[in-house]
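S.K.: Using the supplied hints, reconstruct the complex from the two chains, each of which is provided in its own coordinate frame.
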Amino acid sequence: MSQPSYLVDTGSRKGLMAWLTSTDHKRIGVLYLVSMVTFFFVGVGIGLLMRLMQLTPFQHLVTAQTYNALFTVHGVIMIFLFVIPGLPAVFGNFLLPILIGAKDVAFPRLNLASWYFFIAGAILAVTALFTGGGPPDTGWTFYAPFSIKSGTNVTLAVFGAFVLGFSSMLTGINFITTIHRLRAPGMTWFRMPLFSWSLYATSWIQLLATPILAITLVLVIFERLFGIGIFDPSKGGDPLLYQHLFWIYSHPAVYIMILPAMGAISEILPTFAQRPIFGYKAIAFSSMSIAGVGSLVWAHHMFTSGMSEFANMIFSLLTMIVAVPSAIKVFNWVSTLYKGSIDFQPPLFFALSFIFLFCIGGLTGVMQGALAINVHIHDTYFIVGHFHYVMFGGTGFAFFAALLHWFPKMFGRMYSKRAIYASWFPLFTGFNMLYFGMLLLGLMGMPRRYYVHLPQYHALHVVATVGSWLLALGLLMFFGSLLWAIFRGRKAEGNPWGGVTLEWTLPSPPIQENFEEIPTVTHGPYHFGKEEQG
Amino acid sequence: MSEHVHRDDFGSRLGMWLFLVTEMVLFGGLFIAYSYMRAKYPAEFHHAGMELNVPLGVINTLVLLTSSLTVVLSIVAIQRSEKARAMGLLGATLGLAAVFLVIKGFEWAAKFHHGLYPNSAHLATLPPGEQIFFGLYFTMTGLHGVHVLAGMGVLAWVLAMIAKNQVRADRYVHLENAGLYWHLVDVIWIFLLPLFYLAA
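Residue numbers (our numbering), protein chains in the order written: chain V, 1141 to 1674; chain S, 17 to 216.
Derived from the structure by calculation, the hints contain no laboratory data. We put the beta carbon where it would ideally sit given N, CA and C, even for glycine. Heads up, some of the hints might be wrong.
One side only, chain V facing chain S, incomplete, derived with CB under 7 angstroms [what the hints assert, rightly or not]:
no.: 1; residue: 1195
no.: 2; residue: 1309
no.: 3; residue: 1316
no.: 4; residue: 1317
no.: 5; residue: 1321
no.: 6; residue: 1351
no.: 7; residue: 1352
no.: 8; residue: 1362
no.: 9; residue: 1368
no.: 10; residue: 1369
no.: 11; residue: 1370
no.: 12; residue: 1375
no.: 13; residue: 1381
no.: 14; residue: 1385
no.: 15; residue: 1510
In silico lysine-lysine, DSBU-like type, Cα no more than 35 angstroms apart, as pairs [claimed, not checked]:
no.: 16; chain 1: S; residue 1: 180; chain 2: V; residue 2: 1243
no.: 17; chain 1: S; residue 1: 56; chain 2: V; residue 2: 1289
no.: 18; chain 1: V; residue 1: 1289; chain 2: S; residue 2: 180
no.: 19; chain 1: S; residue 1: 180; chain 2: V; residue 2: 1154
no.: 20; chain 1: S; residue 1: 120; chain 2: V; residue 2: 1289
no.: 21; chain 1: V; residue 1: 1421; chain 2: V; residue 2: 1479
Looking at chain S on its own, in the form it has when it is part of the complex (with noise of 0.2 angstroms):
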């Protein structure tokens, strides 16, 4: 097959948004649940909630927020030609993307150290809404955590494509892309925090 010449950095961007959304609505259908259950259990989710680590929890917030900021000024370092600059702001992303994503380890080590995780026998003795409360703190941040990673799969292999100068100043929107990706995983941690850590 011949190769297309046509390129649309605009239709680019409209079918990543468009993914973008089906990502929130999938998340959404979490949120339904979480809603849900917790109109059922308020007390017990917020007795729950109160196992929940918040200084590690605010810090990831601010690890995130970080490393969004570190994918915008890339997207303007590589519209100004400089190359090093953008792979190293980019380089710093996947390296805060890390660093959440081992404090998030170390959440949920100690949570498995306390057996509070699903189906444990200690979990079992407690009331159904705490139960629930869990079931859903290890399903969605778990879920969140499924989308850290392919999101630092996507950013390493714009990394690559910079490298070898497939994204340039004149053709940067896989690098826009992928930063619109980063910053939907970052939203949807924002929500996580409140619904999970704030909820005590």
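Next comes chain V alone, as it looks inside the complex (with noise of 0.2 angstroms):
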């Protein structure tokens, strides 16, 4: 090849400096893959924190107070920092202007800004740790009217989100624009491989959501500098009105984290059975339907707030109808394996786990938009451990398959594909272990946010907490290995799975500037050299 790979310095600025200056799409994703996972080991580390807690009946090691930070913490690193960026800021960044043919995304220097943006909401929201009042304590949903009266520094970490959300934005935009104007000649629409899809249909919802959000975040920073009382009763504000607003950010928002997921097992699965994806039309439709409806359910979180029991019954019904979509998915992914050469190699096996995962997390989804069941669950450990089987089961282990499938490209390495088999057994049974084990805890009754427990739920705790050891080895021996590889991994070579996208066209690394020449396409996305589609 006559162009240095993206990874090599030819620019006047050498080593970190040129890292942090470039504009290149490709460093950019690699970036935000550092920065976050960083912040993810962080989470998990607070996440190991509050499961040691619940190891016995009574208050030891921390205070209820801090116990009280602790859950808030988690849960603002791990979806500001971990699964909304997630699969866009990473794979999108690096990936989306190779599926569709292009050098680099629209904008390549307010695509660096992005990540500026969201390394100084993460600095901000961490300031908010150990300044002011000390770490918020409102639960990530800084509901009002609690989130106003706090004393703790609910104002710094509240901008702090402000800030991410600006990044989450300019992203979207970004990637609406590339999509757009930048696909290559012969790219039409229904050529693009589906994690485009996906990232479209998300960038949507990142440009039509995160502005609620931060006008919700900005009128709580009011209130509590200028006490404008919206949100406040004693003032004639209404803290429903709260609740409304910070989710009709905060449902779509899950849709954030789940579709650019989905987009990537659509990847991952028609490469390692070789034959095209069953269904292409309903699956990146379902992406823009899931989108759509998505938005119209943010409800649900309130059942039990005292809305109006009509109101109830149609976000409960809309609830059920985007239970449609991702089971057109599922299916379609299933279907997609049916009589294909199947290999088996990681990416598949963590995308199969994927699959199973997320089907639990959906389908614990679906009880929870029965009006009946949902006054039961409410606030239990039913919720939390149904969010982290989408969210961790789900979009966390599509991000591991979406990296095992596109380390190779992305570093030019392999992993040790034994170590990857080994380390999940451990991530995968601790997982079971920690939430199902809250899911049987929640129908028992036991109350989120409780940083003790009656005697009852002991035996199941003990369970969960042993659990998220193993599951902290898991992702320990995980990225160990990848860790390991980036630097003495044996050299991969442009096409490892047989892949047709246009990234596997490509060496690993790929270029600077991804294409000598730009490709003209000719058929769709999965042509395996048999049927041809789209």
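M.R.: Below is the structure:
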């Protein structure tokens, strides 16, 4: 190859500075990867500490107030710094231009600025832990009126989340413009790989939902600083308005988290089954309809808040409807494997784990959408368990699968497949002990956010805590073996998995501007030399 | 990194429009809050609205509309390579924006003088609906004021680019985008005027 790989510094700056000032979408993707995995492990550490607390029924190790801070900070870090940017920021940045045959995103400098917004927001959020009245203790949802009364450092933490929202919005603008303007000749909408479709849907949610969060957080800040009264019942305000505004963003946000994960799975399955994806258009449109319908279900978080019965029924119905496009995807994925020539490799292994865990997460979600059941399990560990099945078992495992799938492309190295398989066992076992334990605890009535528990919940809490240790062990083995591979792994070929989308036509790692010459696309994305598609 | 020679004015405008969508949704959240509260306290909103100075509000509307016109004329001028006129018109926009802020400042000062601001002792004696009205008034006009300041910053930056010939007859998408942003600031004000000043 005449041009050097993107990992080689060619400009006047070298080393770290060359990375921190690079507008190359691939380098920015790697910057996000490094920063997010770091935050992820901080979040894991806090999670482990909370599980350690629940090893006994009594208060020990930390105070009740610290426990409140722990679950708040765990949520803020994991949601705003890991799962929301998650796949779009890392794999979206790295792959989107390559997948559609472009040299970079539409606004490369804005892209780098988004990363700096991300880091600035993260620094603000972390600063909030150690300054002012101490770490926020409101839970990650910052519910009013407690969030406007709490003496802890809510203002700064909320401002951090506001800045992170900017990062998310700007990335969304960048991706939409990129997809509209920079597709290679012949790359029609229905020849785009499904990961690009999922990024397109996600970007629209980021664009339309994030500003609502931004303004809600600004109102909380104003409320705390100036006492404007909108969420304060003593001044005629209404806390329920806060909940509505918050969930108008935060429910679509869970689709920001899961859609790109589904997109990555839709890339992995056809590659390892060596056949075109089943129902390409159905999957593409289901992404868009999840984005659409998913924006109309927010109040299912508020069934017990005192809304009208009529509103409850409407939102319950809409919630059930969102399950349809999600199920369309699952059936299409499974059908893709049927009669495929399956090559069993680590990415497929994790992708199948994703489908299994996501089904549990999704079906428990439908349970919660039913009004009668919701009243019983509201604010219990069932909610916590469900959320972790979708977000960790879903997005998290898809993130791992995507990392395994594209790792050789990103770093030009191959990891030890045996080490990855070995990490899967503690990871998967620990995961299910921990979160299935939580589902059962919730059904038994264990409320969330309590720092102690009654004796009847003790046995399952012990199972869950032991599970958390296994889970952490699996994570360390997983990321340890990848880290080792970055430096010591054997060189990877350009196309180790036999993929047919554009990224696999490039060398590993790709050259600086991706393509020596912009390719002309003549067929659909999953053209395995057999059936013509799209 | 090598510089991209790639240039896509349509793409830049598309990006700007998408950004404007986010701004509209941002204020949309406030409009939701406003409509909910107004439906809850119609009489109080009517009464509190009488405190606002309608002539000043209308004058400010005219000032902002005129400033939008001068931006448009500035784009026309740059398309005709009339650099001095383009800069003059853009300068006029900046001047009008400053006039808007000064008038707004006087209005705010008068409200503070009367004790009509969040958390004031006087406001606390008024009915809850009126407290909310002024909470929303300061939040929404304040946030709009921040947008005016941001818009002025963007316009001043483009003005400097015109001076350096970086924005010219064959390359003026920066000015167009700054103008689009300025129109948005204008449009939001056009909604704020009836919602607050004409609420009575």
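S.K.: It remains to establish, for every hint, whether it holds in the given structure.
M.R.: Results of checking the hints against the structure:
| no. | hint | in the structure |
| --- | --- | --- |
| 1 | 1195 | violated, 42 angstroms |
| 2 | 1309 | holds, 5 angstroms |
| 3 | 1316 | holds, 6 angstroms |
| 4 | 1317 | holds, 5 angstroms |
| 5 | 1321 | holds, 4 angstroms |
| 6 | 1351 | holds, 4 angstroms |
| 7 | 1352 | holds, 5 angstroms |
| 8 | 1362 | holds, 6 angstroms |
| 9 | 1368 | holds, 3 angstroms |
| 10 | 1369 | holds, 4 angstroms |
| 11 | 1370 | holds, 6 angstroms |
| 12 | 1375 | holds, 5 angstroms |
| 13 | 1381 | holds, 6 angstroms |
| 14 | 1385 | holds, 6 angstroms |
| 15 | 1510 | violated, 28 angstroms |
| 16 | S:180 <-> V:1243 | holds, 30 angstroms |
| 17 | S:56 <-> V:1289 | holds, 24 angstroms |
| 18 | V:1289 <-> S:180 | violated, 51 angstroms |
| 19 | S:180 <-> V:1154 | holds, 31 angstroms |
| 20 | S:120 <-> V:1289 | holds, 31 angstroms |
| 21 | V:1421 <-> V:1479 | holds, 20 angstroms |
Hints 1, 15 and 18 from the list above are not met by this structure, while the remaining hints are.
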